[in-house]
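Peer 1: Residue numbers (UniProt numbering), protein chains in the order written: chain D, 1 to 90; chain L, 1 to 224.
Among the hints, a few may not be true.
[Said to hold, decoys possible] For lysine-lysine, the following BS3-like pairs were computed, each having C-alpha atoms within a straight-line distance of at most 30 Å: (1) D:Lys15 - L:Lys9; (2) D:Lys15 - L:Lys123; (3) L:Lys177 - L:Lys9; (4) D:Lys3 - L:Lys26; (5) D:Lys3 - L:Lys177; (6) L:Lys177 - L:Lys101; (7) L:Lys123 - L:Lys27; (8) D:Lys15 - D:Lys3; (9) L:Lys101 - D:Lys3; (10) L:Lys9 - D:Lys3; (11) L:Lys101 - L:Lys184; (12) L:Lys177 - D:Lys15.
Note that these hints are calculated values from the structure, not bench results. For clarity, every value in this text was computed on a predicted model and none was experimentally measured.
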Amino acid sequence: MVKVYLPELGEGVAKATVSYWYVEEGATVTEGSELVEVSTDKATFNVPAPCSGNVIEIVAHEGDVVEIGAVLAVIEEDTVSESEEEAEGA
Amino acid sequence: MAYADLPLKVLNLGLIPYAEACNLQKKLVEEVACGVSVNTLLVCQHPAVITYGRRCGHDHILVSENEIRRRGIELCQTDRGGDVTYHGPGQAVFYPIFDLKKIGQDLHYYMRMLEEAAIAPLKEHFGLNAYRREGMTGVWIGPYKVGFIGIAVKKWVSYHGMSLNVGVDPEFFSLIKPCGLDVKVASINDFFSDEVQLETICDMIVEQMAHVFQFEVTGGSRQW
């Protein structure tokens, strides 16, 4: 399981509001893809998926105010080994 | 904060539809994020458009959608931060596509620097008492808001940005509750008897933006 955290957004930014989920619980995501948007003051910030896998839990929902470092979601990481990936690509 | 002189490309897009500018920004964000493009500053004006962020309250647009369209104004939802605002002719719009990882990686510092890029020239060149208000992001002159900020950040690259009213018909702002607040809105030209050219202000803000972020303007089109 890989937890997705709200990253540091800058000095003095202690919290942000979850403003938009690009995916629903159960969705398959790829590393680096758009996962969730958070807002602070006049800024939106896209938190990307830290790994490829399946979003098994959305912890913070749209409208929730969350602190820096809080868990936003949990992803079950793909367990496809490199050899399997090579086989798929062959 | 001090950074090495990073190259900055400035592109003047002239009068460009809002959606077209958004598409160009998203393309540039990907290019800047992977290092194919250098930091790029887009400068433009838009045909009349009311834009609103995802957090915008529906009661912040004060007239019906039909009425807005009847007046020839577009209506667009956007992914920037902030509430509802208006763009139109007579307003200078700045879209910095900057790699924030190289300039502090700090959303609020970045927005303060955008404000500074507008405030300094308004004070120094025009003698206006422009200032920022704590907790009220934007550029103010007296009780009036003249500059508006709403940004988005993806892969730590910024897009959307700042607009400054130079000579905007105030009637348009009466259709909305700008930024979701009860604020008075004005244009730079409201403070002078002689009209200030939008191009002159754009040039000064581009210079100041390069200065505050310690960028070196190296390319692009600077013909306003």
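Peer 1: Would you mind marking each hint as holding or not holding in the structure?
Peer 2: Comparing the hints with the structure gives:
1. As the CA atoms of Lys15 of chain D and Lys9 of chain L are separated by approximately 33 Å, the hinted pair breaks the 30 Å bound.
2. With a C-alpha separation of about 33 Å, the suggested pairing of Lys15 of chain D with Lys123 of chain L is violated against the 30 Å cut-off.
3. Annotation: proposed proximity of Lys177 of chain L to Lys9 of chain L is violated, straight-line Cα distance about 34 Å (limit 30 Å).
4. Of the supplied pair hints, the one linking Lys3 of chain D and Lys26 of chain L holds, its CA atoms being roughly 28 Å apart against a limit of 30 Å.
5. A hinted pair counts as satisfied when its Cα atoms are at most 30 Å apart, and Lys3 of chain D with Lys177 of chain L does not qualify at roughly 39 Å.
6. A distance of roughly 34 Å separates the Cα atoms of Lys177 of chain L and Lys101 of chain L; the hinted pair therefore is violated under the 30 Å criterion.
7. A distance of roughly 35 Å separates the Cα atoms of Lys123 of chain L and Lys27 of chain L; the hinted pair therefore is violated under the 30 Å criterion.
8. Proposed proximity of Lys15 of chain D and Lys3 of chain D is supported: the alpha carbons are some 18 Å apart, at most 30 Å.
9. Restraint check: the Cα-Cα separation between Lys101 of chain L and Lys3 of chain D comes to about 23 Å, which is no more than 30 Å; the hinted pair holds.
10. Distance check on the hinted pair: Lys9 of chain L and Lys3 of chain D sit about 38 Å apart at the alpha-carbon level, beyond 30 Å; violated.
11. About 35 Å separates the Cα atoms of Lys101 of chain L and Lys184 of chain L, which puts this hinted pair outside 30 Å; it is violated.
12. The straight-line distance between the Cα atoms of Lys177 of chain L and Lys15 of chain D is roughly 25 Å, inside the 30 Å bound, and the hint therefore holds.
Comparing the model with each earlier hint shows violations of hints 1, 2, 3, 5, 6, 7, 10 and 11; every other hint is respected.
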